[in-house]
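Asker: Letter by letter, the chains look like this.
2 protein chains.
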Amino acid sequence: MPHDILVLTEPELKRAVALDLDAIDVVESAFAALASGKVVMPPILSMEIPGANAEVDVKTAYIPGFDGFAIKVSPGFFDNPRIGLPSLNGLMILFSAKTGLVEALLLDNGFLTDVRTAAAGAVAARHLAPSVVTTAGVMGTGVQARLQMFAAHQVRPFERVLVWGRDATKAAACASDIAGHLGIDARAETDPARLVAESQLVVTTTPARAPILKADWLHPGLHVTAMGSDQEGKNEIDPAALARADLYVADRVSQCEKLGELAAAIGAGVWNGKTPAELGEIVAGAKTGRTDDSQVTICDLTGTGAQDTAIATFARQQALTAGAGTTIQS
Amino acid sequence: MPHDILVLTEPELKRAVALDLDAIDVVESAFAALASGKVVMPPILSMEIPGANAEVDVKTAYIPGFDGFAIKVSPGFFDNPRIGLPSLNGLMILFSAKTGLVEALLLDNGFLTDVRTAAAGAVAARHLAPSVVTTAGVMGTGVQARLQMFAAHQVRPFERVLVWGRDATKAAACASDIAGHLGIDARAETDPARLVAESQLVVTTTPARAPILKADWLHPGLHVTAMGSDQEGKNEIDPAALARADLYVADRVSQCEKLGELAAAIGAGVWNGKTPAELGEIVAGAKTGRTDDSQVTICDLTGTGAQDTAIATFARQQALTAGAGTTIQS
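Going line by line, the protein sequences match chains E and D. Position in the first sequence (from 1) plus 19 gives the number in the numbering used here. Position in the second sequence (from 1) plus 19 gives the number in the numbering used here.
Hints listed in this document are in silico derivations from the structure and should not be mistaken for laboratory results. Since we're looking at a predicted model, the values are computed, not measured. Be careful, since some hints might not be right.
Same chains, same names: a pair is fine if it fits in one copy or spans any two.
Derived pair list, reagent style DSBU-like, types lysine-lysine, alpha-carbon separation capped at 30 angstroms [said to hold, decoys possible]: (1) K33 to K117; (2) K189 to K253; (3) K189 to K233; (4) K293 to K253; (5) K233 to K293; (6) K253 to K117; (7) K253 to K306; (8) K277 to K57; (9) K233 to K306; (10) K277 to K117; (11) K189 to K117; (12) K189 to K57.
All chains, please: the whole structure from these sequences, using the hints.
Answerer: See below:
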């Protein structure tokens, strides 16, 4: 049955979609919907490509109240940088939730994932960080290190950013980008313990497989968002930190038990066995978040299909408003 | 990273891809690869849309030796016919198996699934039907009833087709289409027992949830391909028939145990508990197929991601040869 399909390229999407409060709000609404229990979010389909150091993940979610649902395909080919290509690519496909017809092809090469992942960090900061954040710290020096700070600054307008990374040159470049973009002070910090000590909000954005943030560094009035772990075996936060924090929050418990910091804490035998709160439950007011500014809170973001459906719907709307993209019939 | 993506619409694909021996051969090669044990084929991602009588399935497979891998998204919105739309839609996305970049978008609305499903029926007939088939019977009157006969005729050039369906008008229309397309005798048969009795090859193509082909109807020199069951609860073949046949063959044992005729036989407690042969193992010569023309054989096709990767690769190649499609950069 021939019907119109909107095709949006990466440059078109980058012009139409900003990492702004509207994007943060739409991702927040997806988390709130997750808490309603009415979202359908199947387990991630994951396929390893043998001999290629590569993996492909497919995520989706149906959210009541959204006109469409997205299917996101994220190939990660980790030897690509050797031939001058980025590791992460992929696209999102937006389907009508009423007819199943393809409505839009978002050829974003991972851009929308970057946006929705950073937006989730801002949602976590909005609901869990102390009310006043003067210094934010970020661990890791990649795209998400930058975007997490850009997003979080919109909900906690901190005055200073500290950047830690294994590579001092990359940390300096990241700090420089953040300072330029936000117009605030940002510098590399070589000592991760000092970075945490001086920050009220810390975001970890690395693919670490051994903790880079120690439990002993936790201090009153700290919120940590760990967004690097999205696969079994990854681990950024000392398992003991999860037990010691006043509040640990998962984006999706069933995923964090397998892929997140929670998996590492369970594996280390230090988790208390209770079912943690989900970020959406705190957004929706169904569970209690931070109750005073001196608490220590940790949020574990593994990435959800609900965010993909939210950002794809948002991107299509923004593109239509801007008159962007090409329509094809098929 | 901007790169070229070939976009093919349904009309372009229909012009470029025929259900011919080349298509059958490429699907056969995918089955042979499955038998090698080196194919990576994750379980199907399946999502129900609540309140919409709808389901979305995502299939994929990596096949060594194929340059790309397909991800297929198949939405089934079963109330669509009420508003004049087909129930089944969807698309395939072809990715480079070397870089993970999107190489082609095949906006086929299910056409390529139709082709690869019918081609699998021909592979089953080629390897399992008696060497001479004079009459073929088909149960069901939809698109696959027609395509299964078109495909099977290329490997067993039968002289006559019998069509059974619950709706006599539809059965007559289906028989008329088959006669016109193949240039042979085809007629509706109201008695399914007689259809089976007079056929050497029977293909069942229905969404039945209770058997439409009875074990008592099996006769020497019969091959049955059941391709209608692709979901839990569907069942076309009397469970006793699987136990009684000389040979039962699955397209993929792990799927047929859940979704296929095998699931019904196991559920009914009549399966012998042995691991059945897979079609690919017979194609590859790793297991024995039909050994004489008087045997009774049954093949259970639930549909595999390997077929999708094969047909998507084939379609891209055919389109490139024909100069079809549009290239976009993203």
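Asker: Decide, hint by hint, whether the structure agrees.
Answerer: Now the hints, each set against the structure:
no.	hint	verdict
1	K33 to K117	both (28 angstroms within a copy, 26 angstroms between copies)
2	K189 to K253	within (21 angstroms within a copy, 57 angstroms between copies)
3	K189 to K233	within (22 angstroms within a copy, 70 angstroms between copies)
4	K293 to K253	within (22 angstroms within a copy, 40 angstroms between copies)
5	K233 to K293	within (22 angstroms within a copy, 53 angstroms between copies)
6	K253 to K117	between (38 angstroms within a copy, 24 angstroms between copies)
7	K253 to K306	within (27 angstroms within a copy, 42 angstroms between copies)
8	K277 to K57	both (22 angstroms within a copy, 26 angstroms between copies)
9	K233 to K306	within (27 angstroms within a copy, 56 angstroms between copies)
10	K277 to K117	between (32 angstroms within a copy, 28 angstroms between copies)
11	K189 to K117	between (47 angstroms within a copy, 28 angstroms between copies)
12	K189 to K57	neither (43 angstroms within a copy, 40 angstroms between copies)
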